[in-house]
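Counting from 1 along the sequence shown, just add 206 to a position and that's the residue number in the numbering used here.
Check before you lean on any hint, since a few could be wrong.
Distance condition first, Cα-Cα at most 20 Å in a straight line; then the derived EDC-like pairs of lysine to aspartate or glutamate [unchecked claim]:
hint, residue 1, residue 2
1, Lys244, Glu259
2, Lys244, Glu269
3, Lys249, Asp283
4, Lys249, Glu276
5, Lys244, Asp283
6, Lys244, Asp280
To be clear, the hints were calculated from the coordinates, so they are not data collected in a lab.
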Amino acid sequence: MTTLSRTRKIVTFTGLVTVLAACSSIQSQITPSLIDCKPVSPKLEWYEVGDNEGIYYPNRSVENLMIYIEQLNDCIDYYNANPG
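Between the sequences and the hints, there should be enough to build the whole structure, so can you do that?
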């Protein structure tokens with residue numbers, strides 16, 4: 207084995223290790239951790255109009271509910287991709 211061949215293998219191996227380390231660190235930043243997968247349900251505010259006319263939610267409550275649903279979907283996706 208020549209020195210050039212050995213050097214080439216070392217450089218290739220070092221490059222692969224660096225790429226794999228970068229991929230794993232990026233993946234951990236993208237996916238939620240187990241701690242993040244415990245979203246807390248928001249407090250909903252509403253008001254009623256008349257008898258049997260319905261319940262209305264303020265925009266703030268609707269936005270908080272949509273954020274909560276999005277967090278739940280993220281957790282479901284995470285556990286589907288990483289069972290156990």
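A quick look at each hint next to the structure:
{"no.": "1", "hint": "Lys244 x Glu259", "result": "violated (35 Å)"}
{"no.": "2", "hint": "Lys244 x Glu269", "result": "holds (18 Å)"}
{"no.": "3", "hint": "Lys249 x Asp283", "result": "violated (24 Å)"}
{"no.": "4", "hint": "Lys249 x Glu276", "result": "holds (16 Å)"}
{"no.": "5", "hint": "Lys244 x Asp283", "result": "holds (13 Å)"}
{"no.": "6", "hint": "Lys244 x Asp280", "result": "holds (11 Å)"}
Consistency note: the structure conflicts with the earlier hints numbered 1, 3.
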